[in-house]
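K.L.:
What follows is the residue order along each chain.
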Amino acid sequence: MADITKTGAYICSGCGIGDCVNVEALATVATKEGKVAFAKTHPMLCGAEGVALIKGDIASGAVTAVSIAACSPRVCYDIFDFGESAVLDRIDIREKVAWSQEPGHLETQALAEDYIRMGMVKIKAMELPVPFIPEEPSKTIMVVGGGIAGMTAALNAAKAGYKVELVEKEPALGGFANSLGMRLPDKAPYDAPMENDIGQLVEDVIGDDYINVHLGATINKVSGGPGIFDVSLSNGTDKAFRAGAIVLATGFNPYDVKKLTKLGADLPGVVGSVEFESMLKEGKAPPKRIVFILCAGSRDDEHLPYCSSVCCASSLKQAWLARQANPEASVTVIYRDIRTTGNMEFFYKQVQQDPGIFLTKGETPQVAREGDELSVTAENTLLGGKVKFMADMVVLATGMVPSTLDPSVKVDKPEDQMQDFDRDQVGKASILKLDYRQGPEVPDLKLGFPDSHFICFPYETRRTGIYAAGTVRHPMDASVAKNDAIGAAMKAIQCVEMVPRGEAVHPRARDLSHPEFAMERCTQCKRCTVECPFGAINEDEKTNPIPVKSRCRRCATCMGACPVQIINFKNYSIPMVGAMIKAIDMPDEDEERPRVLAFICENDAMPALEMAGINRLRINPVVRFVPLRCMGSLNLQWIADALSSGWDGIMLLGCKHGDDYQCHNVKGSELATIRASKVQETLDRLMLESERILVDAVQISDWQRLPKMIDGFVEQISEMEPNPYKGF
Amino acid sequence: MTAALEAAEMGRKVTLVEREPYLGGRVIRMAKYFPKLCPPGCGTEINFRRLRANPRVTIMVDSQVASITGARGDFTATIKTRPRYVNEKCTACGDCEKVCPVERSDSYNYGMKNTKAIYLADALAMPFRHSIDMSVCKGADCGECVKVCKYEAIDLAMEEKTTTITASAVVHATGWKPYDASRIENLGYGQIKNVINNVEMERLASVSGPTEGRILRRDNGEPPSVVAMVQCAGSRDENHLPYCSSICCLVSIKHANYVREQYPDSDVYVFYIDLRAPGKYESFYRKAMEDPKIHFIKGKVARIEEDESGRAVVTAEDIIGGGKTRVACDLVVLATGMEPESKSVAPLMAKFNPDGFILEELQGDAGLIACGVASGPFDVTTSTQNSTAAALKAVQAGARR
Ligand SMILES: Cc1cc2nc3c(=O)[nH]c(=O)nc-3n(C[C@H](O)[C@H](O)[C@H](O)COP(=O)(O)OP(=O)(O)OC[C@H]3O[C@@H](n4cnc5c(N)ncnc54)[C@H](O)[C@@H]3O)c2cc1C
Ligand code: SF4
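Chains as they are written, first to last, in this note's numbering: chain A, 1 to 728; chain B, 1 to 401.
Per label pair, the in silico range of CB-to-CB distance: (1) A:Ser430 x B:Glu290: 29 to 39 Å; (2) A:Gln353 x B:Gly221: 40 to 50 Å; (3) B:Asn186 x A:Gln350: 21 to 31 Å; (4) A:Gly712 x B:Ala366: 51 to 61 Å.
Below are the BS3-like pairs computed for lysine-lysine, each with C-alpha atoms no more than 27 Å apart in a straight line: (5) A:Lys6 x A:Lys570; (6) A:Lys159 x B:Lys13; (7) B:Lys36 x B:Lys287; (8) A:Lys386 x B:Lys300; (9) B:Lys36 x A:Lys708; (10) B:Lys300 x A:Lys388; (11) B:Lys89 x A:Lys40; (12) A:Lys187 x B:Lys351; (13) A:Lys349 x B:Lys300; (14) A:Lys259 x A:Lys410; (15) B:Lys351 x A:Lys349; (16) A:Lys349 x B:Lys280; (17) B:Lys98 x A:Lys708; (18) B:Lys287 x A:Lys259.
Which residues of chain A face chain B? A few of them, derived with a C-beta cut under 8 Å, are: (19) Val75; (20) Tyr306; (21) Leu382; (22) Cys456.
In short, the hints are calculated from the structure, not lab data. Predicted, not measured: the structure shown is a model, and the values here were computed from it. All residues carry an ideal CB built from backbone N, CA and C; glycine is no exception.
Just chain A, same shape as in the assembly (with noise of 0.2 Å):
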């Protein structure tokens, strides 16, 4: 706890905060009401003067804890950082008072006066974080398959200094390249197939002294976290070594042919594409007449609903190929769209050049066995309606399914014992084998990919540490996969070097706070091992949670799950929370001032609430806006204290949950939405209605509905009956 008298407040009047409230009293209140050691105003805080004012402060001993009630913590957050020389909190009254309220209002002072209050009691329930650094870390990465990403990983890795370790499942490396002729072009003018020189970059993985390669090797168990990771393998004997990040590149599958049916994939002559790829790298002559039928299998909700995305080019490539081969050949192409994006379209263009490819756009194709010619029926073709085409061999392009999926695979469990996490299993390879509570692989999205932020961090898997690369990640062709490749290292690195320093990696970078848990009290109820979205905790055989730190993405979830409220972080805690709820100076029941508290998320709600600010809309005055982590740290012991402090409403403003989840920690606002269903119990004990609790999905860019939504809000609680828990 920051020792209350060595905190100073420090509280800025400029950018109108002066003119909007009185800031002297706010100073009375911090010193009066939060008993710091004193309370200094200023014009202009972050000015040269204000922060040589505190810096001074700081340095001759007078305060070991900085308050400053001034403008919001996205901004001039250069300016007050004093590192670790003092703990520090930041009170926002410019966006969320004087650029959101009426100048000189009673209700204006009062919620100013209140944000003092509720700062002065968080900053004395803080502490510097202690960062925490597990035992003999490693730097070595563990690269997972090896394919061309797998090596790629490998080989950058190794070029920037770090050991690897290369686990490929096969008695070579090389992965799916290895069964392709040529390859697609992927340098200018990428007008022609290129000579696959997956050799190449096999001699070079080899070559390197840095790369460790372990062939025909299955992992047997990864237990630990980043920093940490325990490998034991084997292939033919046993290995074990220790691993600071993992790289997952175990590629893809190509979509079972014989399961097109539909397609005639039963019928002689009938080949899918990985079989006539084999036959022209074997060099047998294709047959005279070639049809080849895309998107066989993908876009298609009986078998792949998403596009594969590079059988379009290689399809290309094939028919090409074939010219090459047999230039009598007469190749025709049965699309839906040809998706050759970017330079890709170069290559396209060359085949359109050539006479002997014939491309139509066709739909719903039909494939039938004419005495011995093939034939293919589509309709809605370039050539106008239905069209027949008659052949000697059809080429049905599959697609791409990622190899952490393995339809046979069942969860060995009565289905009443099954936990999410164990129906995630079903259907699921067995790749890594992690030691972890949550199951032994990473979880995926529905299409079986692995779970990420896939627009703007698509390598956080929600399994820290382990980031995936290349087709296992999405559909993509080899030139994509590499710089993937490239990328996931670089996760990769950066998590062997963060973890040491004690640092959190993706998204709450560089925090140095992680939760501490008062197992003393602990009831063994398994909510946070179940909740946490990231599995960083695992279980004893007494179901006693076990942390694994450095897999923690301090998003304090399992904060918020603890019903007996054993788990918090130095500078974030439940008693903390507690204490600003109960701080403000609550009106009584007959002055018909009612109180709403707001959580919210700080990562996109906050800032569109400051938003509001900037752009000068009103703001509620009866609202108390108080910060979380994320919406998943939030604990319904701070719902019971609101209720029974006379709080007359409550909202959480979080983010979208779902598929489309935008939840920076994937879980957080889902399960605060699923707690907060259940607090109807305490509301009914209370004699309370369940309307006074609001759940909310609130975006970044939602700054112009937010004051609006909760005006509205606002006027539903003034309809009722006031809290009749006021002044207890």
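Assemble chain B with the ligands onto chain A, guided by the hints.
P.N.:
Just chain B with the ligands, lined up with the frame of chain A:
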């Protein structure tokens, strides 16, 4: 930002040089991302947050690299910083804006909105400080803003600054600009008011944009009932951009969503050659196809003309349905492609392909790296991914091994 942050979080020092007065590039000016239809400000704010927490990144806005000399492992760069006329003391309180007597056309909003000569680009702007457009400012004769500023933040006599730094690697992440659609004569851009391009559409759909997020006809401000998207406007065309810009198909599906969300009775036509929604994006396309009022028509647009009521009449072939179609539209959005901003980096040793992209194979192992749209027409997720890769390539240039 991604390349800078990935290298900095690993532990390297980075100088981030940005030409505009704010970070965030093109995406911070967009309303939503495909396919989640989530606000770009969300991911950008996380990156801002990472930057705030990381003193290893030195941010230089209003700046451009004037020259680079040296080689891999040992470059020296000269950076010129344009005078912003507003210094670090600015708190963005906005008092100056109230007194400034002149307006300017706001390039952030592609000229569809005005700001004062002293302005803040966006409420999310990082750094959160004003700047002055000297091309319209009346200078010291006026000085109203100087008088009203309580923080001595305005300096109308500020001069260009030159900084020299050393670096072991150079990452080009200079991005793109929308292809100038007025060069495609038959599409009427610049002549017909209700023909706009796709970046303008993003601003129309943004709450901070000229119409506070409402999509409206450009001539009379009325809500549109028929809107068309014209694909490959300049892309996949030897006379313009020969490559496929990769993103415009998805962008137009996104724009169809914007329109349909605001106007449940509206009809949207998408004229395309191939509808390119690779990978997981397929489901985004599928969802749009399920909407009976979004009409996908395979066929190239022949021309766009204005009728008496100001509507833009699109004439296109209809390859599947046969024949020609004519659709009178209240608003036509040209799906203009992304053209690399290569000219601005020309003196910096980088080598370009004929289209202006900086390609890895042209650079060799020279410690010169390109990522994002500077290196090819990519979407955000691919840009993020190859910028992370670029960070490692840059780190390697400084590694002792
Ligand atoms: C209308 C439209 C909508 C789109 N919507 C989406 C979408 O929803 N989802 C998606 O994934 N993708 C979308 N895209 C693609 C997306 O915009 C790009 O992937 C993204 O902008 C690439 O980022 P970048 O950093 O490479 O380039 P930019 O965003 O262009 O950033 C480059 C930065 O470099 C600066 N700069 C340029 N030259 C210099 C110089 N010489 N010195 C210093 N600084 C310089 C620029 O000012 C800019 O800030 C869309 C594209 C368009 C045309
Ligand atoms: S993405 Fe679509 S609109 Fe853009 S150039 Fe490629 S095919 Fe044309």
